Every structure is written in structure tokens, then in C-alpha cells.
Amino acid sequence: MSFRPVLSVDVAAFCHQGRVRANNEDLIALDAWVQAEPMFVPVTAQFNLDRPLLFAVADGMGGHEAGEVASALAIRLVVQQRARLRGNDAVADVINEAHQAILAHATAEPSTAGMGTTIVGLQLRPDGLTWFNVGDSRLYRLRDGYLRQLSVDDVPAFEREQALSENRPARVLSACLGGRQPAERLQPHGATEALPEEGCWLLCSDGLSDVLDVETIEADLKSGVADDLLRTVLRLFDKAMRSGGPDNISIVLVRVSRLRMEKRS
Amino acid sequence: MSRPPPDHRLPRVLRRRGFVIERQLRDPGAQADLYVVRMRSGGQRVVKLYRPEANIDEGAQARLVELDSPYVVRLFESGLADPENVWFEVLEYVEGGSLADLIRREGPRLQEERVQEILSQIQAAITFLHTRLQIVHRDVKPQNILVRSSEPLSLVMADFGTVSSLRERSDLSRQIPRSVAYSAPEEGRSLVSYPADWWSLGMMLVEMLVGRHPFADPNGGLLEPLEIMNRLARDSVDGLVDGVPERWRNLCRGLLRGRPDNRWNQQQVTDWLLGDSPEVEDEPRGLFDYRPFAFAGQELWDRRQIAHAFKANWAEALEALGRGRLASWVRDELQDQGLFERLGRVDAAYQHPEARLLFSILELYPSVTPALRGHDIDEPGLARLATAAAAESPAGEGPAAPSSASAVLELIYDQGLLTSYADHMFNPWHGDTDRRWRAQMRELRQAADILPAGAREMIAARIPFAAATGLAVLCGPNREASLQAAYEALLPARARALAECDWLATTLHRIDGAYAAGRGATLGALIAVVPTLAPLAADPARRTRERQRQEQQRLGLRRAQQFGLLALVGAVVWLTMVQVRVVMAEAQRRGAVVQAVSFDSAPAIPGPEPDNGVFALPATGKVVANLKVVNPRIELDNVKVVQVGGAAKAARCEIPLYPPEGPFSCDLGALPKGRHRFKVLLNDQKVREVTLVVGGRKQ
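Top to bottom, those sequences are chains L and D.
For the first sequence, this note's numbering assigns the number 13 to the initial residue and increments by one for each residue that follows.
For the second sequence, this note's numbering assigns the number 13 to the initial residue and increments by one for each residue that follows.
Simulated from the structure, these hints should not be mistaken for laboratory data.
No false leads were mixed into what you were given.
Each pair of labels, with its calculated beta carbon distance range:
| no. | chain 1 | residue 1 | chain 2 | residue 2 | range |
| --- | --- | --- | --- | --- | --- |
| 1 | D | Gly-386 | L | Ser-255 | 35 to 41 Å |
| 2 | L | Pro-258 | D | Gln-146 | 57 to 63 Å |
| 3 | D | Glu-239 | L | Met-253 | 43 to 49 Å |
| 4 | L | Pro-181 | D | Asn-97 | 57 to 63 Å |
| 5 | D | Gly-386 | L | Ala-116 | 56 to 62 Å |
| 6 | L | Ala-175 | D | Glu-293 | 25 to 31 Å |
Below 27 Å or equal to it, Euclidean Cα-Cα: the simulated DSS-like pairs (lysine-lysine) are:
| no. | chain 1 | residue 1 | chain 2 | residue 2 |
| --- | --- | --- | --- | --- |
| 7 | D | Lys-634 | D | Lys-652 |
| 8 | D | Lys-691 | L | Lys-275 |
| 9 | L | Lys-275 | D | Lys-634 |
| 10 | D | Lys-640 | L | Lys-275 |
| 11 | D | Lys-634 | D | Lys-698 |
| 12 | D | Lys-685 | L | Lys-275 |
| 13 | D | Lys-634 | D | Lys-691 |
| 14 | D | Lys-685 | D | Lys-634 |
| 15 | L | Lys-234 | L | Lys-251 |
| 16 | L | Lys-275 | D | Lys-652 |
| 17 | D | Lys-685 | D | Lys-652 |
| 18 | D | Lys-640 | D | Lys-691 |
These figures come from a predicted structure and were not determined experimentally.
Glycine residues also receive a C-beta, built at the ideal position from the N, C-alpha and C atoms.
Using the sequences and the hints given, assemble the complete structure.
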């Protein structure tokens, strides 16, 4: 017999339409809970990491509220199938099922033709973590005081080049679920890694990452994440709104910490 | 002419054959020394002795030996000289000097007819190397082309110190110092193949036709490598052929294409020589199709530049690495997937951010001298670092500055970086030094165990200093002499100490033991702590206090023991404080070492092996030993912890598939109060002995 740590997962999350957009095409999921109604205040949750936990953000796109349909289809399917998210191939299968579901819906409902969505997910398990993303919704990790983007933006090279030289966020995606020129099969980015006993991750849509640079987010997380996740989320949200809030804003802040040691059976 | 260098510079094997040094040739690079020697027969040869750090492709060398070619300087033999352990070559002596001398004599701008002659010679030579021998020269430049005869012109290629054989590998990453002014732009990216030599030919042609090297600076020298790189990156390569006569322009443009795939090779050069005009691929933009890595106010284009800039700007480098800027640049701009994955592995493998930075720098550019916070940690660097740390004021006046030698040494010790470095770079010296360093520190702690509490605390404060002194002795043998002096200086105090103070006498005996056994490092570490102890021993009032404190401790222990017995009899699980004293025995067995031992007992927080070797953690009576094994060069098929004497119970550890070195956890079960000795066995071989003293302090 030996001992193993029991890990606790604390989460604070908020999803808001921002100042400019009339509707909210973003959607967040905290394990089995999928946001169904507009949120007015952030939510917080606490989990024991004795089973896999999934956190996800999707940023839908397409006019006439079609973006909402796409993000909802994607998130719901991924949440339903979350038990299968083990290893890169399984993740790719689930993501592609969501991709096909969106395409099928768009064919059946011509008003939603061309709708698409990004997705970024983080699954924590007692024995490790898996992350994945398609599109430009992001996953960051805070470690040793530095914030690092783990997800890989699906932005075409020419757009990245252009955006860098014009010092603006990229506007064109090279991959998303659904979309006007859908890929036959999506290759989500992702990795499976060891789970540290202490750690902090941020999932967000471009409504946050386009208006706040990494140093700003890093400074807020560094100062606030250890004691008050909720306040940290609100502060980030507030900064995004003060920067104009041009897009929907989704923030999911996840913190893992050690609760106690217990006997391994 | 100056006096010839003494012959003892030649390896014995050559001296025996009667080789006598006539003179030293001007050093063509940093890799080797060249001597003109006379043989018994009267003939002349050139002997080339490589420096130890030179990187030699023995397969390619073997193909050059005894090759009688009109294009290649004759290499009569090459090999590793015994016992000097020096790689040597015996080469043809070419009297006519190098092409660089010829350019100096006839130039700087050469007649076009002359250039044409030179071109056909070099073209044939490069073609011969590539097609017949399948080697890339990698350092084609006027200094490395020798003139066998000047009328009619006959040129031979020389200096094969940097050649790379392409039979074994198509993608080469051997890092070799070479002349940046002639080397192809892909050199910095480590993707080097045949086209690299054609680029060098292009640079030489422009130099001879224009009378000036394209990268010449206004003072007649050459531009700095960084500036050369920036020019290539920024400007179209077409600018390199400015001033080249019209007839030659296409040839030079064809040879000076930034992308190896676009560059002309022997086919197009032959066609051009025959009067054809092969097509030149358009490359209107700067050479690099990627953005530079912006770092510390600089624009950096290749891995070597970044590695050096990281070393020089440690704090910014930690930030760039921590925020993932390096990894995303490698992935998105350099588009080097292999490097990206290796950086990812480093990121996952090391806990400490500075360890990650150290090994990321080594992934970027493996031949860079390893360094931490600006201090080199290669063999000589480590000796300097330890000596500097030992000279810094001993601990006690607050924490040392992060860049101080002692702080860096502490980081190296705590993170086990020497062993990590040894494993990462296959460098046994660092691993061996680390093992000896730790063994010496264990010996020091054992010595400290017998001291009274007050003295132990003072020693604890002194341990970093002792660690530095010990390491300095390990790395620099010349420290032994000063240690001996320090040892002898202790002698007068001895008689008094032996009479007055038991524990100081015991410490001095240990010092004697280390001295007698020739364990210089341990001696150094022990001597480093003595200045702290001597005043303590000399103060009678303090001695009395020490004695009282020891007496109190003994009483307290007895009371606690009685209480602990009661607790056991009542079969109540008490939280007890386990004091664990780890006695390190012979730690090394066929290369596998138990690096760390720690003990858990719920709800304990397992920690690293504490500096003073004493574990203290609350326990429910169940104790788990955690072991970390390093260098498991043997296949581990069992790891056990066996109690010595008493019940002789054995606890077997689970062997995880990955990582193979553990950590292993062995459940030792409930331990009654008292002393327990355990053996740690790897594959049934005892590698370490551990003593646990279970105390009775109630929480």
C-alpha cells in the first residue's frame, strides 16, 4: 500500500455577450454542466478529482444566430462523449463526430448553412490531463509565474504574417467545426500530459485573448489565482469589457491543488 | 624565422618514426594545430593535431586516407595517438601556399581568365568529393584550397576537419566552428548537405571577381556573424553579386541562392562552363522565409544565436521560455518539428524552470557551454564556480544574491542538475562528480550527527559553504595543497580539543580519517565547518548550556518513550513523530544508485531528503519508504526494503513501467517505537542501509 494525493479542482467561469454583439454565440461547459441560459454572474464550482473532469469553451460563428447552434451542438456532443476522450485518436473521433453533426444540421436547415464553431477543451483525470483545440479559442497554463498558451491557433500562415505586421489579432481561421469550406476530417491540436499536483489553466474565447495581451492576463492570474478565482475571472472580464468588449467573452479558470493524502488501495 | 616548437608536441608514435618539427603553420581555425615536419627520408609532411573538443567524422576520414586524387590533398594516415589521446593526421606538404595567398599576390581582383581556371579546378574538386566520396566539405574557402602548382594551375582541397559523411546521415547537426563569411545560410539551421559547398564557391567567385568579399566591412575585415546573418535575412541574395562582371553574374546568382533546392550544383556549373545559361530561381526577398526571434532587443535568426542570447540574458530567457515564445517560434517560424518536440520533452521532464531553460538551450545548440545564471557548468566552469562559492562569505547573512556562485551551486545541488546534465548529454564526468559530491555531503552530515544541538544548527548554516569547498576539491586537484595547509593549521588546537571537548575531538578524528584515506573532498567539506565549531568548543559557559540541553533532551525522550509504549499497548493509532536518520552506506552498485529516500505516513507531506539527514513527519504508525533510483543501467527486476534483525520482514516495491527509475514506494507497515534498520536492495543486492529512529513525540 502506498499513498497518493487527493486533488481538488476549483473552477470559476463566465460567459458573456460583450458590449457590441447582440447575441452570445460562445458556450461553456464545466464537466456535465452546459451553460443553457445567458449568465449574469460568474459561476464557481469545486470538484474532487476522483474521476475525469471536462472543461470546454466553444465560440460559434455564422449569422442569424446560427453560431449559437453550432457551438451548442459541438459542446453538447463533446460533453456527452466525454468518457471517450482518452488519447489523441479518440479526441479526434469525438471532435469529428461533432463536426459532422454541425454539417448535417446545416444541410437540413439552410438558414444555418456555413455555421461553424471553435472548441477548446481540458480534461483532467487523476492520472493525467488531455487538452485539445480547433480554431482560435485558447488554453493557457500558468506555471512558475508565467502564462503559456498550450493550444495552437488554427490561423493560416498568410493571416498570421499579416496580423503580426499590422499588430492586430488574426481574423481568419484555417480550421473550425462546420464552416463554409468544411474540412473532410479535422485534425485537432492536443496533447496528453502528466498532471501536476498544483496547477492553473485558463480556457477562453478570442473575446478575451484578442483584447488582453498575455502579460496582462498573466499578471492578473499571478496575483489572484491563489486565493480568489471568482474575483480573478471578474477582473479579467472587466478588463475585456473596458477594452470595448467587441466580441463574446468566455473565461473558464481551473485550479488544481492538493487536498490531502490518502491510501492507495 | 622563429625557433621551431619543441618536438614533444608530436605524438610519440610520430616521434619514434623520426618526425622532426620544422615550424608551425599559421592556425587556420580553432580546431587544430598544424606543423611542417621533416621525415628521416628528408621529405616534408604536415602534421595536424586536433584539439580535444574537435568533432571528427571518423568514417569520412577513413575514406580520405591514402586517396591519391588530383583534387584532394593527400592524407597519408590519421588516427588517435596513444597515449596522448590526440587525433592526428599526416598530410602532404603543399609548398605553393593557399588560394588566399594567391589572391593576395595576384589580386585583390583577379583576371577573369584566372578565375575561370580556378573555377574549373574547384568545380571538379567539389564534384569529386560529392559524387565519388559522398562527403560535404562544409568549409570551402580560399584558406582551405592549396596550390600544388600555379602554372599550370593545380588546386587541391584541404582541411577536412569539418567534413561530414552523407552515407550515414542526410541531415547533419554536427556543430563545428567554421567561417561564417563563406558558409551557406542553412548552416545555422543545421540542415547541411551538398549545396552548402556550392554556396561557398559562389562567395569565393564574387570575392575574386569584385576584389572584395561581399561581407567585407569598411576596414577590410569581415562583418560580425550576426550582421552577416541579418543581411542575408533582410536583403535579397541578388545584392551579393553587385559589381560582378555581366558574363559571370548568372553563375554567381545561381550559386548564391538562399534555398538549397534552388542552388546550382555541378550540373548547372558544368553547363555554364560549356556556354549554356541555366535558369536561376528568383529569390526577391530576404533569405529567411520566417520572422526572427525577437529577444532582449535583438533579432535572432538561428538556434546558435538564440542559445547564446539566452545564456547572456537569463531572466528574459526564463520569461521567453516560460511563456512558450521559443516553442511557438520554433513551430511557426523555424518550422522545425523535431526541435519543437524535443523542447516539449524537456518541458515535461524537468520540474525546475531553470533546469528547463538549461536543457532547452542545449537542445537549441548542443555544443554550447552549459551555463546557469551566467555561470558555466562544464568541467572548468564548475571548478571556477565552486571555488568562487567557497570564497563567498558563508551563509548566515541572509540569502545569497541569485546570481552569486553559492546560490547557483545550491540550485545545482538541490535539483541534481549535474546528474541530469550527465544523462541528457551522455557525459559521465558530471554524473560521477555529482555522486562523489553527494557521498561527501552525506559523510559530512554523519559527522554532524554526533554534535550537540547548538553545533548542529551552526553546521547546517555552514553546509552550503562546505558543499562548495568539497566540490571545488573534486573539480580542481590543485586545491588539495591548500587543504593540506588548512589541515595542518588545525593541529595546534587538537590537544586542547581532545582534552576539553568530546564532540570536537570526534570531528577532528573524522578529519584525520578523511586525510588518511585521501578523501580530499570530504576533508575539504569537514574543514569548512571547523571554524564554526572551534569557538563553540572553546566557550565553557556554552558547553555547560549544551550539556544541560542534551540532558533535557534525553529526559524528554524517555518520557515520550513511556508514553508511546502506552499508546501501542492500547492499540490506538497515535500520530507519532518519526525521526528518521538515514545512514548512507555504499550507494553505488553496478551503476544504479538510490538517489533519494523519503518516508511518508499519512497525512504527511512527503518531502525531499532533508539536508541534515533527519526526517520528521507525523505518522499513523504505518510508514512508507519512497525511493528514487538514478542511472538504472541494470534492468531492475526487484526493489526491496528488508528489515535487518528483528522480524526481518521484507517489503517489495512495485516497479512502474515508466519512468524506470521510480519513484518506488515500499510499505514498511506499522513500526513500533525504537530503532529499526532496513536494507535497500536492488535486484537482491544491498545498495544502502537506512536506520529509522521512531520517536514518541505526540502531535
